[in-house]
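Novice: Let the sequences and hints guide you as you build the complete structure.
In this text, residue positions in the sequence shown follow our numbering: the first is 55, and each later residue adds one.
What the hints contain is simulated information worked out from the structure, not anything from laboratory work.
Don't take each hint at face value.
What the hints assert, rightly or not - Simulated pairs of lysine-lysine, DSS-like, Cα-Cα distance not exceeding 27 Å:
1. Lys133 x Lys166
2. Lys164 x Lys133
3. Lys109 x Lys57
4. Lys57 x Lys133
5. Lys57 x Lys75
6. Lys75 x Lys109
What you are looking at is a predicted structure, and each value in this text was computed from that prediction instead of being measured.
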Amino acid sequence: MAKDLGITILLDFYGDMLTEKQRDFLGYYYNDDLSLSEIAENEGITRQGVRDSIKRAEAQLFDMEERLGLARRFHEMRKGLDEIVECANAISEYNMRYGLSREINDTTVKIKAIAQSLCEV
55 MAKDLGITIL
65 LDFYGDMLTE
75 KQRDFLGYYY
85 NDDLSLSEIA
95 ENEGITRQGV
105 RDSIKRAEAQ
115 LFDMEERLGL
125 ARRFHEMRKG
135 LDEIVECANA
145 ISEYNMRYGL
155 SREINDTTVK
165 IKAIAQSLCE
175 V
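Specialist: Given below as structure tokens:
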């Protein structure tokens, strides 16, 4: 079974909405890199049972993302914050070359700090 590593991101966003067993199976498979056979042996069920549970959980994660779009919005926001930092850097470089305004420099430092703190949330 081919692994879609995007599942780990969706698991971070929506994992609490899955059953404990589904969360565990996805964690074993994607995060711990266990095979279906290893999970089946550890859990005392068939390999097919593990596969079916993982496939159902993946479908639920994709459905939740389709409906709510939290991961997509998070990545869009992160990309926007990165662009804000790039723009602030460009303004700062321009200011250093041509203006040397302390106010502009202080403002760009503040913009970058705010964007960085929002990226860490």
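Novice: Return the numbers of the hints above that this structure violates; sort them in rising order.
Specialist: Result: no hint breaks.
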